[in-house]
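Two chains, two frames, some hints: make the complex.
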Amino acid sequence: MVQDLGYLKETASQTAGPYVHIGLTPNFGGISGVFERDLGSVMVNDGTLGERITVTGRVIDGAGAPLKDAVIEIWQADAAGLYNSPSETRGAADPNFTGWGRCPTSAEDGTFVFETVKPGRVPFKDGRLMAPHITLWIVARGINIGLHTRLYFPDEAAANAEDPLLQRIEHRHRAETLVAGGQAPNYLFDIHLQGEKETVFLDI
Amino acid sequence: MSDTENRRPETGAFFQRDRDWHPPAFAPGYKTSVLRSPRKALLSLDNTISEITGPVFGHSIIGELDNDLIHNFAKPGESAIGERIIVHGRVLDERGRPVAGALLEFWQANAGGRYRHKKESYLAALDPNFGGCGRTITDENGYYVFRTIRPGAYPWPNGVNDWRPAHIHFSVFGHGFAQRLITQMYFEGDPMIWKCPIVGTIPDRRAIEQLIAPLDWANTIPMDSRAYKFDIVLRGRRSTFFENRPEGN
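First to last, the protein sequences are chains A and B. Letter by letter, the first sequence follows residues 35 to 238 of our numbering. Letter by letter, the second sequence follows residues 6 to 254 of our numbering.
For the record, the hints were derived by calculation from the structure and aren't laboratory data. Not one of these hints is a red herring.
Below, a list of computed lysine to aspartate or glutamate pairs in the DMTMM-like style, where the Cα atoms sit at most 25 Å apart:
#, chain 1, residue 1, chain 2, residue 2
1, A, Lys102, A, Asp224
2, A, Lys159, B, Glu15
3, B, Lys36, A, Asp143
4, B, Lys80, A, Asp72
5, A, Lys102, B, Glu125
6, B, Lys124, A, Asp143
7, B, Lys36, A, Asp224
8, B, Lys123, B, Asp167
Just chain B, with the same shape it has in the complex (with noise of 0.2 Å):
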């Protein structure tokens, strides 16, 4: 049992999400955004244990090659096409608290930006050797690291030339349903993020910049792995100092 199994489990209310943070649902630069967007306010409540609470995946379910995706949908003793990277990170809370036993999965195109999905046709050619997916849980200090491809810049139908950054996909689950996250990763010194009409959905610039992984020169393995280090924030928690007492509203 490691020290995080054995505290005790939080229970407070999630921070207020600051949505003038994040990306508002109705951004017409992002076309598809138009007609999938709300238009009535969002109704706004304190977390009940219906959100304090969330799923929690053991290791059980992650594979040997689940962070590896140079392999994991490789031919035996063959290995994917493109640069070679590590991603590696902490998931934190914004007490700064380091989040265990968090899932993570992440997604993203091939070297020449082609996705492996039935619904794609970009004319870029697939490597048959990658397949662009793959998860894995955070150690007890909120630690993860996963190997890759640096994806390319991909090209898609919203104005007449837009393209995407080179980006990956992350999902993430923290501890309680409402920290919920799926976000994209960027790459640092990459002239297209400021291009690109999905990055500018977010308003506020430094919240673009949290988004953006540095090189990390001081983890590439010589001869072998460039590394990015990405950390992700999740809503933090309140203390339960003075709880709600059943009398009380």
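For reference, chain A alone in the conformation it holds in the complex (with noise of 0.2 Å):
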């Protein structure tokens, strides 16, 4: 025998489910008089620095329909690459923008829109420079554990060559799922769960 290392085990996830959006977005779900406003529908104000942009997309299914009852998130660093967390220990981020937002896929066609600025470019472990990204994290009915992606920018190019996690997808072809369409300001981002096109998810 030998000690007990003492460590517990996480918990285990499960499916946030049809009707996540009575704790996550009670507004857009129906429930007023709760809460003020739904956490995560406004990222920046007026006095936010940086580049505005629009990121639009669908939560597609192996059989090519959009999720009209997912909810995304998605956490970034501000313009100049900081993110807006205690653990940020680099500098003191943009005090105007917070980083995250939420989103719910709409009842209607399945779309999320999130209002934000461009991010910064930020490290990777070793020093370099990581393209500029914006991490997504998606649940719904029939997700069992939520889903980590990554958005990358069409007008990157060069950064994006160099960017340390695209260069460790192995079939060169699935780093295209990372990069988003459109053009500045408004970029589109389709995720797609399963099949010919499946974006690539992350265990990070």
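Following this line, the structure appears as structure tokens:
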């Protein structure tokens, strides 16, 4: 016998279910009067620094249908490449930018929309710069554990070519699933859960 | 300022997730997962600063009744119908350390198993005094508490006769976006737990038992509310003894 390491096990994930809006975006889901506004619905204000962008997209299932009951969260650096987080030790992030947003996909056509700013570059562990990117986290009925992925920008070809994460994708054509379409300031990003165009998801 | 706020923030990467403990994406007994699960392997990568960091929410977002589901949707002087319970516990990480300042959001059906949602059509009645959502932030010891009505079991179209056990949905933010977690809490002694295809997506029985809140008799308030205790564990952080040097890799 050896000493017990004494670590606890992480609480297991379960699906967010079809009524996730009740808890995460109650006003969107039809419950008003409990929370003043849905958390994460606004990321920027008049004082936010950087280039304003819009990210629009859908989450598409293995039969080609958009999910109309998903919730997407995004997390990103500010325009200078600093995160608005206590674990950010390189400097103070833009106080007028939350860095975090949450949007349900619409019940009509399944689109989500984020009004945000284009993030600056942040370093990989070895000091190399990663290309500008936005982290996305997707939960919904039928998704047992939240899916992590990243959005990269189509107008950052040089930075994308040297991005350590994109370089790790063995099947090169799959890296394209992480590069948004559209053009500044309106980017399009469809997430394919399954099939030929399946988005690269991360265990990170 | 609390001790926690004075402490230097941690910047280590999080322990790798044990994906044999969590449910797999593709779990055919839960039919919706069939077309909503990736078929290709996940791309594994040690955390970067994008996952080590995460949003932290201040107490200013929390209203007075946000952790009281018995009253936060009720008309003045009225309250929701059902079994009054307190749910409380701690948010810890895998190292057993309290996670202070963690935002918890929770949502649930009413006493009859009916959700207040546009797309919900179960014939059980809505309770005009019950909304079903709440939120709170853990204190410096990682502790949280809320009160609510014990939710009812709920039928759903999966198999012909599938019913969810009574459950409360939880969403948890830790200190890093890599800790982001959504799960469900079940109640001690509910026989429905072991019949449920969603519970059954979890391969390890011990992982299921970790989602079952015991009756906490000691904290039951006489002539008022029973109590259930539910601790939540988020990913732990590696210590930063020997971090990668810039010339590494």
